[in-house]
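> Next come the chains, spelled out residue by residue.
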Amino acid sequence: MTANVVPALEVRNITKQFPGVLANDHISFTLLPGEIHAFLGENGAGKSTLMNILYGLYDPDEGEILINGKLAKIKNPADAIGLGLGMVHQEYALVDTLTVTENIILGTELRKGPVLNAKEASQRVRELSEQYGLAVPPDAIVGDLPVGVQQRVEILKALYRNVNMLILDEPTAVLTPQEADDLFRVMRELADQGKALIFITHKLREVREVADRITVLRRGKVVGDADPKTASEGQLAALMVGRDVVLKVDKTAANPGDVVLKVRNLNLRDDRGLTVLDDVSIDVHAGEVLGIAGVQGNGQTELVEAITGLQALPSGSIELLGKDITNRPPRSITEQGVAYIPEDRKGTGLVLGYSIRDNLVLSTYYKPPFTKGLTFNDPAIDENAKELIATFDVRTPSATTTAGSLSGGNQQKIIVAREFTRKNRLLIASQPTRGIDVGSIEFIHNQIIKQRDAGLAVLLVSAELDEVLALADRVAVMYHGKIVGILPIAEATRERVGLLMAGIQEQPNGK
Amino acid sequence: MANEQQAPAETKKTTEPQPSKRRFGWLNEAIVPLLAILTAVLIGAVIVFVSIPGNKLPTFDLNIYGSRSDWFFSTIPERLRVTLSAFTGLFSGAFGDWTKPSTIPVAISNTLVESTPYILAGLAVAVTFKAGLFNVGAEGQLLMGALGSVAVAAFMPQWFGVASLPAIIHLPAALLAGVIAGGLWGIIPGYLRAKTGAHEVITTIMLNYIALQVMDYLINGVMKDKSATLQRTPFIHENAALPRIISKATDPSLTGGQAYPRLFTTTSSTWDLRIHMGIVLAFLMVGFIWWLMNRTPKGFEIKTVGENPEAARYAGMSITGTVVGAMGLSGALAGLAGTSQVIGLEYNLKAVFSSGLGFDSLAIALLAKSNPIAIVPAALFWGALRTGAGAMQVNTGISINLIQIIQALVIMFIAADQIVRWIYRIKQAEGGKITFNRSWGK
Ligand SMILES: Nc1ncnc2c1ncn2[C@@H]1O[C@H](COP(=O)(O)OP(=O)(O)OP(=O)(O)O)[C@@H](O)[C@H]1O
Ligand SMILES: [Mg+2]
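Residue numbers (the numbering used here), protein chains in the order written: chain A, 1 to 511; chain E, 1 to 442.
Pulled out of the complex, with its shape left as it was, chain A reads as follows:
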């Protein structure tokens, strides 16, 4: 923040109004070369809107953008890239069937006469990836790569276009902890070589780890700056939300009752014949939270989908309250008292083009009071929406707003509201707080514990080890489709669970 450095980017009084929402309210900030500037803020604070304006996807209603001290007009992403500003979106814009190199050079092909100069292009890709420590296999097909590597390809794509500023909007939401650490190393490397980075995340630990400076947004306004060296997580959380947030889940010891869910010997192979579920057996009791820890992609998704009837099972059995529900249709399982928060909020849990009101009855629309005789009973559906929006504090201009225009945290609240208000015996929550702000996490965690205390059996699946340890009464660890250990919470230390997650078996005689 030295006075004589020309900022790479200066933003003055950016304002953006959406129907019923002032998403950005006179936002000003500067971005210096060589710094990692983190933006924090609740869901719906306006972070993505601001970045989309900088990247030319939205027009601001007011305000100006200066790049290297000069007024810039950014009408579309091509302008932004031309001015040296790149962005990596959460949903990557890669062509799955092309190679890494082809994806990177797409649209800016080096040519030798009319022919693509493939050799030189892949040479440049290799140079860049070495310069910044971004290891990618240049000739691999993008669709075959893990998410973390795809993200590197996105970053290389921007670097290939000679950007000196890079916006990363929630880059870690889909990464494993290992991949996230790699990303931070790359980010540091980029900053050290003079690039300016904007980094958005909801994970306070990450901010304090990598950021040089923090700007906090709340309800479209800049509410403060913070220094990551000195600010505590609690202080940051309070600044974001505008009140004190209890970061630790407040819960009493569990009081487990009878077995509600009994899963026995599930085995499953995928299309390629690889083992996805390997003889999985678990019990979940009424009044307890069984947490499933594990690096994503170790069979958790399939296990949950098998229980909810979305995944057909060739062998094994699943019982709910002593009744066999193996391979039953999803509706019949739901009707027997199973609530389910799916991991893919936008793709599975909601119909983004539908109103909040309709999403709130997505699984109960056909029953009274929502359907009366042959037709919908609108007053009941409206009343349901009004009540749940109030109880679950969904921030929205109206009940008829589409779910797709809400922020992630509010979308998740709709799902939670819908699932928790049925008469349930078993609650399955898969990645319930991914991409969600600390205030909403607190809320959703408290709701889950409330359900447990009301006597429900809870099966929690999360890639966040901290989340599992905070909520679970027992922790099961999955590795390569197998349950490799079940520990009572008192014995589940970060180290022990971490080792199990990495596939390192405990020796019977200790370590």
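Hints in this document: simulated from the structure, not taken from any laboratory.
For each residue, glycine too, the CB sits at the ideal point set by N, CA and C.
Wrong hints could be hidden among the right ones.
[Unchecked claim] Using 25 Å as the maximum straight-line C-alpha spacing, the simulated SDA-like pairs for lysine to any residue come out as follows: (1) K369/E x E189/A; (2) K229/A x E189/A; (3) K372/A x E29/E; (4) K369/E x P19/A.
[Stated by the list, open to error] Sample of chain E residues lacking proximity to chain A, with all beta carbon distances greater than 12 Å (derived): (5) I169; (6) D251; (7) A416.
Dock chain E with the ligands against chain A, hints included.
Chain E with the ligands in isolation, oriented as in the chain A frame:
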């Protein structure tokens, strides 16, 4: 969760509806289709202007380019006059020559008659668009509907060994037969799609050919009217016919001895109209589909499966049942279109029956963005173009192909709506960059 400091902002936000979006919602939706039509018509006008055979009007020359020297010497005022007359011809063909009021009822009746099957078949396609399916099979379903209804309408008394059946039995039976035949022809591709994944575009196209061959076979075989020189079925029984609304009494000697019903009889040629009860059925169906899609759980399922099948499955809806149901409903509506043509208008089934009705219905559903209410104006527009085209050709010598050019341009502008938005500088709703659904016709 909100503290005092936030509370005022919160209340302000929740009480603020979205006025502009709400009140003029339909206009927002309709603006692109309307501008697409306007643009297509303007381009049509330019085509007439540059290509007319200037000084030879009126003419019956079907070649819109005329001879080269005529084209070269035609003056600008002349061109303007002809261009204008093309469109007045089109208008008076569709809605009557308003300087001669006696031409109006017949013209409007013709337009409505032309539009009736478009409404029904357009609805049929719209239902499948809503479910995320692309039913190219309306043509075949319509033919099967026509076949089913003509079989019952022309032959049913014979099966029971009687001379005739009362209308109260015969007419509903004929309607039902058409609806069921069309419906079954829709269920087949629906079932194949849901159970085997066979894409409905491929299967419906194949079923169109099969329907055409089946019709050909029957009309030349067991269903052929032996006494007729044309390849056609016998005339249907008068008790199975949908009544005309108002017309002169028919001459039974021209219609196989049948005296077809009408609600009002007239002796004036001005009011001798072909419009029949099919249009009433079509409007009833518009209301029914609107009700089904917006007011009932079944419609909600169809829309959800179209918007996001993953979420539909998660919410416990049956994808198979919904896909089969939507295709069956679509087939039934297309079947009703064929039925109303046979028992309301033609009174028999000829080898040259449909002439692409089933394909035009795709365009109509696209133009109406699958909205059941909007199907009505879209179908009327299509019907008016078709009706007016004949008159235009007669009056100005401009080829009927002009209409096909306009229709093609309309479809192109609807499909590539970015062009229209760009021409008229209409901003897309922001956030529209996120594509929520994978379905057609929205
Ligand atoms: N295209 C849109 N149309 C209408 N409202 C929108 C649109 N995009 C965002 N909003 C609204 O603007 C506000 C800011 O949204 P934005 O996506 O910028 O939040 P965010 O800070 O990125 O949140 P998150 O942390 O959940 O990603 C929200 O209230 C959201 O509902
Ligand atoms: Mg965001």
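> Work down the list of hints and note, for each, if the structure agrees.
Consistency of the hints with the structure:
1. K369/E x E189/A: violated (51 Å)
2. K229/A x E189/A: holds (19 Å)
3. K372/A x E29/E: Given pair K372/A, E29/E is violated - Cα atoms ~31 Å apart, limit 25 Å.
4. K369/E x P19/A: Roughly 24 Å separates the two Cα atoms, so the pair holds.
5. I169: Since the minimum Cβ distance to chain A is about 27 Å, I169/E lies beyond 12 Å and the statement holds.
6. D251: holds (46 Å)
7. A416: holds (19 Å)
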